[in-house]
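Spelled out from the first residue to the last, the chains are:
2 protein chains.
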Amino acid sequence: MATRRGRGRPPGESDARARIAAAAVHEFGEHGYDGATVRGIAARAEVDAALVHHYFGTKPDLFAEVTQFPLRPDLEVPRILRGPREEAGERIVRFVLESFERPEVRKRGVIVLRTAISGKLTAPLVKGFLSRELLPRVAAELDAPDAALRASLVASQIAGMLIARYVVQLPGIADAPVDELVARIAPTIQRYLFE
Amino acid sequence: MATRRGRGRPPGESDARARIAAAAVHEFGEHGYDGATVRGIAARAEVDAALVHHYFGTKPDLFAEVTQFPLRPDLEVPRILRGPREEAGERIVRFVLESFERPEVRKRGVIVLRTAISGKLTAPLVKGFLSRELLPRVAAELDAPDAALRASLVASQIAGMLIARYVVQLPGIADAPVDELVARIAPTIQRYLFE
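Protein sequence lines correspond, in order, to chains F and X.
If you read the first sequence in the numbering used here, its first letter stands for residue 134, the second for the next number, and so on.
If you read the second sequence in the numbering used here, its first letter stands for residue 134, the second for the next number, and so on.
There may be inaccurate statements among the hints.
[As the list claims (entries may be wrong)] Cβ pair distances, simulated, as ranges:
| id | chain 1 | residue 1 | chain 2 | residue 2 | range |
| --- | --- | --- | --- | --- | --- |
| 1 | X | Asp308 | F | Pro211 | 17 to 25 angstroms |
| 2 | X | Asp308 | F | Phe327 | 39 to 47 angstroms |
| 3 | X | Arg212 | F | His159 | 47 to 55 angstroms |
| 4 | F | Gln302 | X | Arg239 | 49 to 57 angstroms |
| 5 | F | Ala155 | X | Ala176 | 27 to 35 angstroms |
| 6 | F | Thr191 | X | Arg239 | 48 to 56 angstroms |
| 7 | F | Thr170 | X | Ala176 | 53 to 61 angstroms |
[Stated by the list, open to error] Residues of chain X placed beyond 12 angstroms of chain F at every Cβ, according to the derived structure:
| id | residue |
| --- | --- |
| 8 | Glu198 |
| 9 | Arg215 |
| 10 | Arg227 |
| 11 | Pro257 |
If you are wondering where the hints come from, they were derived from the structure by calculation, not from laboratory data.
Even glycine gets a Cβ: it sits at the ideal position worked out from N, Cα and C.
Given only the sequences and the hints, what does the whole structure look like? Please build it.
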């Protein structure tokens, strides 16, 4: 971030950074999350792959950067799971809802949800990100033979909750206080994870 | 339906029917489900409102017809709720999953889910249909002060399940047998409805 926002840096650096970001949008859009590679992005931006890592870190970092989604569920959710097990469902639902109550998260999150589900280009993107970066990390914390099913059931209820409350805005779930929704939905998440 | 498929009807009838259907698509798209009226549709099609009712029945019938969705959740779900209460969750999840396992339902259902969530025009359509035709009927069966919240929580998990399994096709939930998903998700629906 220092590089990005620093003053007095030599011209050319920000050009390379912008070229990499634009190349990443193209490559993710064309090949999906799984198909896009840092090498391919570097080649399209006409820079060395090391420079991509220098500016943007790893592939999920780069994805988070180009989608500009102000949360990192791939980092936050496994961290949240590591607390006391009996309240994991509550912590996850509360984290997601309190995040989406922040306008900058909600605005970008609604766009991500809409495009993830509607677009032929973007659906594989988000599926790839979830399948590679989020769900296996959740599954690893669970350490159960049916961990993939458990993680994807959690994703189904969290996504459904966000869509019903913030995208479609169904009466009832759209108007309920966060605490009420946590009380109703946390036991679902808890059961999908551990029971 | 006899009118639609009958033979030997005078020419002009099918023209009027097609004009009404086209007018309905326009009016629903322009005004949303709530804003569209049978009168407005009749006026746009240059026919009498009685003819709209004659060909298509009520507004939800007309909506089902023009979206060509081969299920009527507004009729089916309340019917399902009326059976033995302790298995209502299971009946709902099984009904929805077994319906979506039929290719003609799945194909159209994926389109409806995608457009419902993505489109600025279609989102109010589906919200209006759910809010006016499905959720109040579910809520009426529940007869509880928080019935609207309960019904919308059910909708959130059913929608999330369908999106995760059939649209985004997340590993785990996309591969699981119907019986496995019924066993995992039915208790959620049961709890949202009655507990």
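Cross-check of the supplied hints:
no., hint, in the structure
1, Asp308/X with Pro211/F: 17 to 25 angstroms, "holds (23 angstroms)"
2, Asp308/X with Phe327/F: 39 to 47 angstroms, "violated (21 angstroms)"
3, Arg212/X with His159/F: 47 to 55 angstroms, "holds (50 angstroms)"
4, Gln302/F with Arg239/X: 49 to 57 angstroms, "violated (26 angstroms)"
5, Ala155/F with Ala176/X: 27 to 35 angstroms, "violated (49 angstroms)"
6, Thr191/F with Arg239/X: 48 to 56 angstroms, "violated (36 angstroms)"
7, Thr170/F with Ala176/X: 53 to 61 angstroms, "holds (57 angstroms)"
8, Glu198, "holds (22 angstroms)"
9, Arg215, "holds (21 angstroms)"
10, Arg227, "holds (16 angstroms)"
11, Pro257, "violated (9 angstroms)"
Going down the numbered hints, you'll see the structure goes against 2, 4, 5, 6, 11, while the others check out.
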